[in-house]
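Undergrad: Numbering (the working numbering), first residue to last: 65 to 172.
There's no promise every hint is true.
[To be verified] Below, in silico cross-link-like pairs of lysine to aspartate or glutamate (DMTMM-like), each with a Cα-Cα straight-line distance of 20 Å or less:
{"id": "1", "residue 1": "LYS96", "residue 2": "GLU122"}
{"id": "2", "residue 1": "LYS96", "residue 2": "ASP157"}
{"id": "3", "residue 1": "LYS96", "residue 2": "GLU168"}
{"id": "4", "residue 1": "LYS115", "residue 2": "GLU129"}
{"id": "5", "residue 1": "LYS149", "residue 2": "GLU122"}
{"id": "6", "residue 1": "LYS115", "residue 2": "ASP125"}
{"id": "7", "residue 1": "LYS96", "residue 2": "GLU68"}
Treat the hints as calculated values from the structure; they're not laboratory data.
Note that the structure is predicted; figures quoted are calculated from it, not measured.
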Amino acid sequence: VVVETIIGQIMCLPHTQHQVVFYGAMVAELCKLQSTIHPPLGAAINYLFNKIPVLQVECVDRFLEWLSFHLSNFDFQWLWADWVKVASQPQHDPQRRFVVTLLERCTR
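Start from the sequences and build out the full structure, keeping to the hints where you can.
TA: Take a look at the structure:
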């Protein structure tokens, strides 16, 4: 419930109550304090990733901002192999664009 609530706040339109980094820091601290948050967080990330084609652009941007911040706090550890399939998608595919942009943000 905690993960869903925080991500719901990140995705709240037209604007969030706090900056996305605030929610990112909260999730990062929760992950460090409570390992039981990892499975629902991973499920939420995958859920959002699968919904990228139908998400509003602002929500995709917030997802990118939050996930790049989160990954930077955890040595960029992620099940990247699960997203390799997007490499064979057309360049305009929303999920492929998301992964490319995420990798660009993570390598800045």
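Undergrad: Would you mind marking each hint as holding or not holding in the structure?
TA: Results of checking the hints against the structure:
| no. | hint | result |
| --- | --- | --- |
| 1 | LYS96 to GLU122 | 28 Å, violated |
| 2 | LYS96 to ASP157 | 34 Å, violated |
| 3 | LYS96 to GLU168 | 25 Å, violated |
| 4 | LYS115 to GLU129 | 16 Å, holds |
| 5 | LYS149 to GLU122 | 24 Å, violated |
| 6 | LYS115 to ASP125 | 13 Å, holds |
| 7 | LYS96 to GLU68 | 18 Å, holds |
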